[in-house]
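Trainee: Sequence:
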Amino acid sequence: MTKRIILIITMIAVFAAFASAQQITRFAVVDTTVVYQTYFRESAAVRNYESMKAEFQTEITRLTDELKALQVKKIEAQKENDAAKVQRLEGEITKKASYLTEYTRAKNIKLEDMKKRIESSDDFYELMYNTIARIAESDGYSMVLSLQQADAVLWYSTSVDITEKVINEISAQR
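Going by the working numbering, the final residue of the sequence shown carries number 343, and the count climbs one at a time with no gaps.
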């Protein structure tokens, strides 16, 4: 009787080992850029960034318009052969063009810094990776690949794309 029980247990163990060796690996893909853009589109930090960007662009447009107006005045002064006025306008144009260049450079640096701070939000990445892990485990995926690693994903079926699930779950947690 004990030999029979040992034989049955051994057969069950062998069968279980064989069955686990036959497990099919399932892959999923996620477009982290789409998740990022969707998540942050409505955040206060991004709204602040977009507002500041628009404000800077308005100021740059205003300064550019002033430069154009001065250039028109300079052309008119040249037509009138008013050398003193042409010289004065050239000085103003040079001064304003220099200011515009410096203003644009400084504001672009500021915007780039803001963008980097938004993009490097550890809280977001922790939330995203935890969400991806939860979806992968619940849907039976053994590996999730990022579409941003172009050399890693040569082809994929949209049926394994979990991007929308990640976005929906992150949105539900907000």
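Mixed in with the good hints, there may be bad ones.
Computed spacing ranges between beta-carbons, pair by pair [what the hints assert, rightly or not]:
no. : residue 1 : residue 2 : range
1   : S290      : K248      : 19 to 29 angstroms
2   : T202      : K254      : 48 to 58 angstroms
3   : E271      : T202      : 24 to 34 angstroms
4   : Q226      : D330      : 43 to 53 angstroms
5   : E288      : K254      : 18 to 28 angstroms
6   : S315      : Q247      : 51 to 61 angstroms
7   : A213      : I278      : 43 to 53 angstroms
8   : E333      : E245      : 27 to 37 angstroms
9   : T179      : S290      : 46 to 56 angstroms
10  : V241      : S290      : 45 to 55 angstroms
11  : A275      : K248      : 33 to 43 angstroms
12  : K248      : D282      : 37 to 47 angstroms
13  : D251      : A213      : 26 to 36 angstroms
Since the hints were made in silico from the structure, they are not lab data. Treat the numbers as computed from the prediction; the structure is a model and nothing was measured. C-beta atoms are modelled at their ideal positions from N, C-alpha and C, and glycine is treated no differently.
Trainee: Now tell me, hint by hint, if it's right for this structure.
Mentor: Now the hints, each set against the structure:
Taking 19 to 29 angstroms as the suggested C-beta distance range, the pair S290 and K248 does not conform, at roughly 57 angstroms. Separated by about 54 angstroms at the C-beta atoms, T202 and K254 satisfy the suggested range of 48 to 58 angstroms. Look at E271 against T202: about 33 angstroms separates their beta carbons, and that is inside 24 to 34 angstroms. Roughly 35 angstroms separates the CB atoms of Q226 and D330, a value that falls outside the hinted 43 to 53 angstroms.
For the pair E288 and K254, the supplied restraint of 18 to 28 angstroms is violated, since their beta-carbon distance comes to about 50 angstroms. As the Cβ distance of S315 to Q247 is approximately 59 angstroms, the hint placing it in 51 to 61 angstroms holds. The hint said 43 to 53 angstroms for the Cβ distance between A213 and I278, and at roughly 22 angstroms that hint is violated. A beta carbon spacing of about 60 angstroms between E333 and E245 contradicts the range 27 to 37 angstroms that was offered as a hint.
In this structure the supplied range 46 to 56 angstroms holds for T179 paired with S290, their Cβ-Cβ distance being about 54 angstroms. Judged by the Cβ atoms, the range 45 to 55 angstroms given for V241 and S290 holds: they are separated by roughly 47 angstroms. The beta-carbon spacing between A275 and K248, approximately 36 angstroms, falls within the hinted interval of 33 to 43 angstroms. Separated by about 46 angstroms at the C-beta atoms, K248 and D282 satisfy the suggested range of 37 to 47 angstroms.
Our hint of 26 to 36 angstroms for D251 and A213 is violated, since their Cβ atoms are close to 53 angstroms apart.
Hints 1, 4, 5, 7, 8, 13 from the list above are not met by this structure, while the remaining hints are.
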